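Line order of the protein sequences matches chains F and B. Take the first sequence: its letters are residues 34 to 153, numbered as in my numbering. Take the second sequence: its letters are residues 4 to 236, numbered as in my numbering.
Hints should not be assumed to be uniformly reliable.
Claimed, not checked - With a Cα cut of at most 20 Å, we get these calculated SDA-like pairs of lysine to any residue:
id, chain 1, residue 1, chain 2, residue 2
1, B, Lys87, F, Glu96
2, B, Lys13, F, Asn90
3, F, Lys105, B, Asn14
4, F, Lys105, B, Arg63
5, B, Lys9, F, Arg66
6, B, Lys203, B, Ala126
7, B, Lys13, F, Thr101
8, F, Lys105, B, Asp43
9, F, Lys89, B, Leu41
10, F, Lys105, B, Lys13
11, F, Lys107, B, Glu81
12, F, Lys42, F, Arg66
13, F, Lys105, B, Ile106
14, B, Lys87, F, Glu114
15, F, Lys42, B, Asp74
16, B, Lys87, F, Lys131
17, F, Lys107, B, Ile83
Don't read these hints as lab results, they were simulated from the structure. Predicted, not measured: the structure shown is a model, and the values here were computed from it.
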Amino acid sequence: MNERSQLLKGTLEGCILKVISERETYGYEISQRLKENGFPHISEGTIYPLLLRLEKNAMIVAEYRDSTLGPKRKYYSITTEGRTFLDDFVHSWCDLQKSINQLFSNFGGGITNVGTFEDQ
Amino acid sequence: MSELLKINKKNNDLDRRLSEENTPIIMDMVAYLRMAPLSDMQVEEIRQDLLDMALSAQEREEPLSNVFGADGKAFCDEIISSVKHRKPGNLFLQWLLAACAVISIMGVIDLVFSGYLIGVVRAIRSHAQISLSYPITLGFLLNGVIIAAASFGIVYLIGRHSFETKKFAEKFDSLPKPRKFLIGGVFGAALFGYLFGIVKLGEIVLVSVNVIAYCAFLLIFFVIYKIGSGAIG
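Given the sequences, and given the hints that come with them, work out the whole structure.
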């Protein structure tokens with residue numbers, strides 16, 4: 034679980050950016066989209082600091098809009114810098130995935146299907 | 004009304020919609036964030052976001068621990084490290100403006116309770132000449148400095164240890180009654196000694212100033228505080 038947390042820390046920003054790149058959205062919706070796509074333990078609070086960081090680094094812009102609940106809700110959309118970062122992230126991820134798969138294949142055993150590890 | 008005041012008022016209204024269980028959780032987080040190197044506007048915007056998340060969770064009947072995690076302090080630390088911090092100069096300016104507010108408020112309190120105004124009323128009634136000489140005493144100065152220092156200290160301590168106040172209260176509650184009385188007695192005696200000392204030192208006049216100039220200075224300090232607070236947000 035600890036290794037998964039470490040891996041998540043390095044990749045969650047890219048995943049959040051991907052969700053935002055699809056359409057303008059808000060925090061809870063982002064966490065729900067992530068949960069629907071294999072990230073069951075991601076809450077709105079988990080991603081909130083990451084959204085603040087992405088906004089600080091100009092990867093996304095935020096706009097407050099009135100909501101039915103009362104407090105104004107923050108809606109996020111991706112910027113040009115954000116799209117560039119996302120492209121770089123996808124390339125880096127594919128390269129890394131290829132390298133890890135190759136390493137595990139060459140040293141016996143390997144990753145056959147997604148989520149499956151074949152013992153030697 | 005400034006943007007900061009508008010958002011603060013809105014957030015205060017939203018606070019009242021939190022349940023009894025959720026109110027202390029949000030209060031602890033906001034108190035902790037107020038002690039961080041963030042501007043007042045940043046804190047209010049984050050507070051607005053936290054309230055949005057909390058009220059949504061409340062609507063879904065979810066505990067706030069599902070949203071923010073079990074460790075509120077760690078969550079706040081993540082937020083603080085993710086945003087741009089205010090410039091160090093701004094903090095100094097905020098403290099300076101707070102000092103202006105303290106001077107003006109303490110000055111008015113001293114004017115009301117020093118007996119000067121009673122002297123003015125007596126002079127008017129007896130058709131005597133009103134003295135325009137207002138004494139600035141050692142007691143007033145020391146009292147102002149001590150109250151300002153104590154206020155800042157208490158606010159800072161409460162903010163930095165906001166997640167531990169419940170633990171502290173429980174610890175105090177668990178003390179035996181005699182010890183509670185002893186602690187209360189020590190505080191009471193210290194307060195009495197302090198008040199007695201201030202009254203005695205209030206008899207030592209450092210300088211006398213024109214009362215109109217004194218009131219004008221208090222007003223200037225207050226205006227500086229108001230304008231400055233609005234400017235730095």
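Structure-based check of all given hints:
{"no.": "1", "hint": "B/Lys87 with F/Glu96", "in the structure": "holds, 18 Å"}
{"no.": "2", "hint": "B/Lys13 with F/Asn90", "in the structure": "violated, 28 Å"}
{"no.": "3", "hint": "F/Lys105 with B/Asn14", "in the structure": "holds, 10 Å"}
{"no.": "4", "hint": "F/Lys105 with B/Arg63", "in the structure": "holds, 18 Å"}
{"no.": "5", "hint": "B/Lys9 with F/Arg66", "in the structure": "violated, 33 Å"}
{"no.": "6", "hint": "B/Lys203 with B/Ala126", "in the structure": "violated, 25 Å"}
{"no.": "7", "hint": "B/Lys13 with F/Thr101", "in the structure": "holds, 14 Å"}
{"no.": "8", "hint": "F/Lys105 with B/Asp43", "in the structure": "holds, 18 Å"}
{"no.": "9", "hint": "F/Lys89 with B/Leu41", "in the structure": "holds, 14 Å"}
{"no.": "10", "hint": "F/Lys105 with B/Lys13", "in the structure": "holds, 10 Å"}
{"no.": "11", "hint": "F/Lys107 with B/Glu81", "in the structure": "holds, 19 Å"}
{"no.": "12", "hint": "F/Lys42 with F/Arg66", "in the structure": "holds, 18 Å"}
{"no.": "13", "hint": "F/Lys105 with B/Ile106", "in the structure": "violated, 37 Å"}
{"no.": "14", "hint": "B/Lys87 with F/Glu114", "in the structure": "holds, 18 Å"}
{"no.": "15", "hint": "F/Lys42 with B/Asp74", "in the structure": "holds, 18 Å"}
{"no.": "16", "hint": "B/Lys87 with F/Lys131", "in the structure": "violated, 36 Å"}
{"no.": "17", "hint": "F/Lys107 with B/Ile83", "in the structure": "holds, 18 Å"}
Consistency note: the structure conflicts with the earlier hints numbered 2, 5, 6, 13 and 16.
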